[in-house]
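Trainee: This is what each chain is made of:
There are 2 protein chains.
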Amino acid sequence: MPRSKQNRKVKGVPEATILRLPLYLNRLRALQRAGAEQVSSRELADGLQIKAGQLRHDLHHFGGFSRPGHPYEVDALILRLIEVMKLGHCPYIIAGVGQLGQAIANYTHFDEYGFRLKGLFDVNPRIQGMLVRDIPVRGLLEMDSFIRKEKIEMGVLAVPPSAAQDVVDRMVKAGIRGIWNFAPVELETSPDVVVQEEFLSVSLMALNFKMKSISSGS
Amino acid sequence: MPRSKQNRKVKGVPEATILRLPLYLNRLRALQRAGAEQVSSRELADGLQIKAGQLRHDLHHFGGFSRPGHPYEVDALILRLIEVMKLGHCPYIIAGVGQLGQAIANYTHFDEYGFRLKGLFDVNPRIQGMLVRDIPVRGLLEMDSFIRKEKIEMGVLAVPPSAAQDVVDRMVKAGIRGIWNFAPVELETSPDVVVQEEFLSVSLMALNFKMKSISSGS
Chain A
-14 MPRSKQNRKV KGVPEATILR LPLYLNRLRA LQRAGAEQVS SRELADGLQI KAGQLRHDLH
46 HFGGFSRPGH PYEVDALILR LIEVMKLGHC PYIIAGVGQL GQAIANYTHF DEYGFRLKGL
106 FDVNPRIQGM LVRDIPVRGL LEMDSFIRKE KIEMGVLAVP PSAAQDVVDR MVKAGIRGIW
166 NFAPVELETS PDVVVQEEFL SVSLMALNFK MKSISSGS
Chain B
-14 MPRSKQNRKV KGVPEATILR LPLYLNRLRA LQRAGAEQVS SRELADGLQI KAGQLRHDLH
46 HFGGFSRPGH PYEVDALILR LIEVMKLGHC PYIIAGVGQL GQAIANYTHF DEYGFRLKGL
106 FDVNPRIQGM LVRDIPVRGL LEMDSFIRKE KIEMGVLAVP PSAAQDVVDR MVKAGIRGIW
166 NFAPVELETS PDVVVQEEFL SVSLMALNFK MKSISSGS
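Order-wise, the sequence lines are chains A and B.
Taken in order, the first sequence gives residues -14 to 203; the numbers are from our numbering.
Taken in order, the second sequence gives residues -14 to 203; the numbers are from our numbering.
Because the hints were derived from the structure by calculation, they are not lab data.
In this text, a Cβ means the ideal position worked out from N, Cα and C, and glycines have one as well.
Mixed in with the good hints, there may be bad ones.
Unchecked claim - With a Cα cut of at most 25 angstroms, we get these calculated BS3-like pairs of lysine-lysine: (1) A:K103 / B:K197; (2) A:K134 / A:K158; (3) A:K36 / B:K158; (4) B:K103 / B:K134; (5) B:K197 / A:K136; (6) A:K158 / A:K103; (7) A:K197 / B:K158; (8) A:K103 / B:K134; (9) B:K197 / A:K197; (10) A:K136 / A:K71; (11) A:K134 / B:K134; (12) A:K71 / B:K136; (13) B:K136 / A:K197; (14) B:K103 / A:K136; (15) A:K158 / B:K197.
Unchecked claim - To spell it out: a stretch of chain B is covered by chain A in this simulated footprint if at least three of its residues, at any positions, have a beta carbon under 8 angstroms from a beta carbon of chain A; those stretches are: (16) 59 to 65; (17) 100 to 106; (18) 123 to 136; (19) 151 to 165; (20) 171 to 184; (21) 193 to 199.
Unchecked claim - Just the calculated beta-carbon pair ranges, DEER-fashion: (22) A:A61 / B:A159: 19 to 29 angstroms; (23) A:P121 / B:H55: 54 to 64 angstroms; (24) B:P53 / A:G54: 11 to 21 angstroms.
Could you build all of it, start to finish, from the sequences and the hints given here?
Mentor: Here it is in structure tokens:
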């Protein structure tokens, strides 16, 4: 039976906490843009379906964020989270430059967190040479040497399901250590590779369920 | 301060459980495709970063799934989850038919869960009339009457952030009850509207953090 290899923990920090840190940072950025300088744990947690106590507990793993009874300083907490989350220099490539790959390439909000698109690769010769955000689409055959030369460790997988495993095997062999998988298929990788699944169907099903549960009067 | 309106519970069922049901269904479909007829709670949970006990507890909310000591029947559990999750007839529209909107429109895996793309709307006259999966792109001005006429309750928001709130207000006024938001912006809606945020940056940050935490030796 195929088995996902994504279920690894960061030492000492629960997986669930890790998954909430980006939500905190995302929300803090919105508060910062709106001009907020301080925020209480309650205000920060409120918009995120999270209890304030949970938020304080999560941030406590990384120490030094708060003093009891005082609000968080927005700018300082953002900088600390960027440091804790090891953001700042995160080059990545995209394999598969169809509509989804292009949409990801053009999603400029990644830039503000330090993610830098370095390369685009596709098997289709008709789009090779096309520029997306000034980056040329290269042939998939060039991907391996590009990853090695540019020391890229993160790859976005936006190829068709049938090609996914093959492309991943080549990514990993060339040095990729983290894969964001948009192909609706389970991947086999070695234990030192992190696979972040983006199951879009899962989001849509969750929305449908919540919507119909509310409208049916519960 | 803007506040997300998405933090509502389905009566008696924890939000976290609801968010796991689609993962279970997604995994069961993969097992079904691979030819599995039965699956233990441990096998089902294993690939999903979830404890088997948690999975049994989640499914217990909806009753009648399992007998202690027996595996789940894959086909029967899929049918029951489809029923519980109120899947089967889920028409939806997409507002914003740029690359992201087109990528979503072409993501045919939604179809197998009962989601049916009914309409596409964009403000750009140059793409109006274009066919995506045999559906013509209509002007955004036609959206409101289309929603009313076709009794659509679910809308995907793939417009630029600056246009998002305006489009959402019109969707909701016309009858939309669930919104899948790809615009990286917080939306204000009434309490009876469900907003499912798709913060792509959040996924990318989580991947980056897990990857670097593993490679730095923890």
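Trainee: Does each hint fit the structure? Answer for all of them.
Mentor: Hint check:
1. Restraint check for K103 (chain A) and K197 (chain B): satisfied, since their Cα atoms lie roughly 18 angstroms apart, inside the 25 angstroms limit.
2. With a CA separation close to 13 angstroms, the supplied pair K134 (chain A) and K158 (chain A) stays within the 25 angstroms bound.
3. With a C-alpha separation of about 31 angstroms, the suggested pairing of K36 (chain A) with K158 (chain B) is violated against the 25 angstroms cut-off.
4. Restraint check for K103 (chain B) and K134 (chain B): the C-alpha separation of about 12 angstroms stays at or below 25 angstroms, so the hint holds.
5. Straight-line distance between C-alpha atoms of K197 (chain B) and K136 (chain A) comes to about 14 angstroms, which keeps the hinted pair within the 25 angstroms bound.
6. As the CA atoms of K158 (chain A) and K103 (chain A) are separated by approximately 18 angstroms, the hinted pair is consistent with the 25 angstroms bound.
7. A C-alpha spacing of about 18 angstroms is found between K197 (chain A) and K158 (chain B), which places the hinted pair at or below 25 angstroms, so the restraint holds.
8. Between K103 (chain A) and K134 (chain B) the alpha-carbon distance is near 46 angstroms, which puts this suggested pair outside the 25 angstroms criterion.
9. Proposed proximity of K197 (chain B) and K197 (chain A) is contradicted: the alpha carbons are some 39 angstroms apart, above 25 angstroms.
10. Distance restraint check for K136 (chain A) and K71 (chain A): the Cα-Cα separation of roughly 17 angstroms lies within the 25 angstroms cut-off, and the hinted pair is therefore satisfied.
11. At most 25 angstroms may separate the alpha-carbon atoms for a hinted pair to count; K134 (chain A) and K134 (chain B) exceed this at roughly 56 angstroms.
12. A distance of roughly 46 angstroms separates the Cα atoms of K71 (chain A) and K136 (chain B); the hinted pair therefore is violated under the 25 angstroms criterion.
13. Distance hint between K136 (chain B) and K197 (chain A) is fulfilled; the C-alpha atoms sit about 14 angstroms from each other, no more than 25 angstroms.
14. Restraint check for K103 (chain B) and K136 (chain A): not satisfied, since their Cα atoms lie roughly 44 angstroms apart, outside the 25 angstroms limit.
15. At most 25 angstroms may separate the alpha-carbon atoms for a hinted pair to count; K158 (chain A) and K197 (chain B) meet this at roughly 18 angstroms.
16. For a cut-off of 8 angstroms, the count of residues in the stretch 59 to 65 of chain B with a CB near a CB of chain A stands at 0, and the three-residue condition is violated.
17. Interface restraint, the stretch 100 to 106 of chain B with chain A: violated (1 residues with C-beta to C-beta distance below 8 angstroms; minimum three).
18. Remark: the stretch 123 to 136 of chain B is not confirmed as covered by chain A, as 0 of its residues place a Cβ nearer than 8 angstroms to a Cβ of that chain, below the required three.
19. For a cut-off of 8 angstroms, the count of residues in the stretch 151 to 165 of chain B with a CB near a CB of chain A stands at 4, and the three-residue condition holds.
20. For the stretch 171 to 184 of chain B, the proposed coverage by chain A is satisfied: 6 residues have a C-beta within less than 8 angstroms of a C-beta in that chain, meeting the threshold of three.
21. A count of 7 residues in the stretch 193 to 199 of chain B with a Cβ less than 8 angstroms from any Cβ of chain A is obtained; the coverage claim is therefore met, three being the minimum.
22. Checked against the hint of 19 to 29 angstroms, the C-beta distance between A61 (chain A) and A159 (chain B) comes to roughly 44 angstroms, which is inconsistent with it.
23. As the Cβ distance of P121 (chain A) to H55 (chain B) is approximately 56 angstroms, the hint placing it in 54 to 64 angstroms holds.
24. Range check, P53 (chain B) to G54 (chain A): Cβ separation about 48 angstroms, and the 11 to 21 angstroms hint is violated.
The structure does not agree with the numbered hints 3, 8, 9, 11, 12, 14, 16, 17, 18, 22 and 24 stated previously, though it agrees with the rest.
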